[in-house]
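Colleague: Chain A is already provided as a structure; the job is to place chain B on it using the hints.
2 protein chains.
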Amino acid sequence: MLKVYEATCTAPINIAVIKYWGKRDTKLNLPTNSSLSVTLSQDDLHTKTTCRAAPELKADKLWLNGKEEIIAQNKRLTNVINEMRAQRKKLEENDNSLPKIADYKLHICSANNFPTAAGLASSAAGFACLTFSLATLYQLKLDNVELSTIARTGSGSACRSLQGGYVAWEMGEKEDGSDSHAIQVASREHWPDMQAIILVVNDAKKKTSSTLGMQHTVATSPLIQHRIKHVVPKAMEDMKTAIQNKDFDSFAEITMRDSNSFHAVCADTFPPIYYMNDISRAVVNAVHDYNAAKAAMGSAQKYTVAYTFDAGPNAVLYVQKKDADNVLGVISRIFPAAEDKNIYSGFNFNDQEIDEVLAKMNTPIYPQMNAFKRIIATKVGDGPRVLANEFNDEVSLLNANGEPKELL
Amino acid sequence: MLKVYEATCTAPINIAVIKYWGKRDTKLNLPTNSSLSVTLSQDDLHTKTTCRAAPELKADKLWLNGKEEIIAQNKRLTNVINEMRAQRKKLEENDNSLPKIADYKLHICSANNFPTAAGLASSAAGFACLTFSLATLYQLKLDNVELSTIARTGSGSACRSLQGGYVAWEMGEKEDGSDSHAIQVASREHWPDMQAIILVVNDAKKKTSSTLGMQHTVATSPLIQHRIKHVVPKAMEDMKTAIQNKDFDSFAEITMRDSNSFHAVCADTFPPIYYMNDISRAVVNAVHDYNAAKAAMGSAQKYTVAYTFDAGPNAVLYVQKKDADNVLGVISRIFPAAEDKNIYSGFNFNDQEIDEVLAKMNTPIYPQMNAFKRIIATKVGDGPRVLANEFNDEVSLLNANGEPKELL
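Chains A and B, in that order, give the protein sequences.
60 is the number of the first residue of the first sequence in our numbering; add one for each residue after it.
60 is the number of the first residue of the second sequence in our numbering; add one for each residue after it.
Because the hints were derived from the structure by calculation, they are not lab data.
Even for Gly, the Cβ is constructed at its ideal location relative to N, Cα and C.
Please note: incorrect hints may appear among the correct ones.
[Stated by the list, open to error] Pairwise CB distance ranges (calculated):
no. : chain 1 : residue 1 : chain 2 : residue 2 : range
1   : B       : D102      : A       : Q284      : 40 to 46 Å
2   : B       : K400      : A       : N421      : 27 to 33 Å
3   : A       : D414      : B       : M428      : 32 to 38 Å
4   : A       : K126      : B       : P251      : 56 to 62 Å
The shape of chain A in the complex, shown without the other chains (with noise of 0.2 Å):
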């Protein structure tokens, strides 16, 4: 068998606390505001991603998932392939010792370790270990800011799952896009203690894109504009100094109010785009009335508990680790899970604290059943990991012949 050049890659999703929404250039993904996520631990969640270039291999091929896309017909893909593969070209043509891979033919297999019913926005870490990946493959001397701006390329978020702990995507401003790109606001370590609880609603109906969400609002809501240019500059700049800080409250009522204005513009589109549900907004009321309980009950915190959504129902709530229990438990009670399919069950909580808590607030039991199918608690994470930067049975999704190994 003939030299097979593998890496295999992993890369969290993120959640941002000042949201994406709007595109000056849809073509190279440049948004109409800068954005700031956290970056979530990919011990829970991740998209794994494995890339080989091999002489034997007679086209580029990709597996999501376990399904072929067909590369060609996918404008985002070829965006960030034929870029990585430019790049090592590029390297290759200034350095006669390395071996000329980059004629080889490329597969790729990716796959993430969560369902797609979790709702959670997959392609910001799906393109984000695509890049990655190719780049450990090729070996690229690209530094995660010059990999942001190519990720970018294929899924704007994706540029913020480049990089742990608190990251800030800067908007920019060449038409070139080539400043607009992600930067570590902090490391994980700086503060690690940063938790959060997705609650993932029951909820059939198909939502709108958020790439077609965006244009609408950018084209028809007369307020957008007003949060463009007033509302996010300062929010970015006050998120920054909070979480310098290690400013909780700061970094719950900035998160809070931009989900707010996220959604409020969405509201405001023509027609309107709601993404948000009953049970959403039961839990955005529910937060308010607990930090106002534990508030009344002496703790030193404003907020101990941040709601943020994104295009879709589900809740991402931000704690602190000391908190993340009783806030679980809390909502536990108000969202009851039939004795079937109790999501709770994993968990394990202090019911005196949580009756302590229950007895000041007025949120009413939430009167549909199982108003969530899915928790997941985790916590902010780390960068892209290198699993193997060469051929490696255990962790490659390719087997032998280079073809995407059975999936469970």
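Modeller: Relative to chain A, chain B alone:
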């Protein structure tokens, strides 16, 4: 029995197509933006008020829907009653021939012909009727514009219920509010075939009062400043033109956009305020789908029906006479009522015409039965009416002793 002075009047409700949300002066009810509404027919919905002034009355008393209200404890009531009495006093001082009835105590009895359960803002009709009936009792020489300025001090939107047809509340600039009053944009006769269908949504949970809600929005929403300064002023001008031209397409689009803008700034409030629920949003989507279907069927109109939502989940649909039955018929299929509580039974639908539109629509049948508890179909109406300007037992709400008659 001594001479009794009495007047009995009715006043209509109005539903804004450009919403009033935000006060620049809470004492005088001076708004942060102008608004515009359609006055609905008193034949269907009205407040009726009897005002009596007589020497044998011992104290000012007022009954609302059979329940006594302590006037002294209600700033909004005292504002209006004191001002009207002062106006009468002035007349009497300038003309000795007039009976001195300003010094007589007042008994006032007011009742709506629709249940509060209907979830319609009754304070507008209530304060309009109180002002108008006192003006009739006291035989004041005030025009509707002057009366609207007084009614406004009781309830802001009441000033728009003092005239029929299409009414603008110009916000004014003066600190004393003397230029913040309602003006008729067009009479009912100018555009008589405007109809309104009120879908009263089944909804248990109590909502934030609009008085408190609008204060929170002004205090905490960054986006409302853009609505106030830029969105509403243009919408007011465009809406006046649309009404002058009887241009339903423009009327409909401005109405729907303003409702969306209003609920967007509510969602941008911190904590957010949600008046619409999943049923309300399903109506919005159904209306856009219906309009698209009719356009696809070759309708000359871009919009056949428009929605608007006040500070609650109920939908108000504006539609021209020719389209009203088909619109409600389609609604009755998408939001089915159970046999035993068929709120649609009073209407005659053309099933074939309904099927033709439904065949072009993508909106699924709403999963929950009885999404609405009541349907009110009405039309544009006239201004307040004088039923009697002296004691008339046939119409009076007070008996000979000045106590409320048994209602119903």
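Colleague: Taking the hints in turn, state whether each one holds.
Modeller: Comparing the hints with the structure gives:
no. : hint                        : verdict
1   : D102/B - Q284/A: 40 to 46 Å : holds, 44 Å
2   : K400/B - N421/A: 27 to 33 Å : holds, 31 Å
3   : D414/A - M428/B: 32 to 38 Å : holds, 36 Å
4   : K126/A - P251/B: 56 to 62 Å : holds, 60 Å
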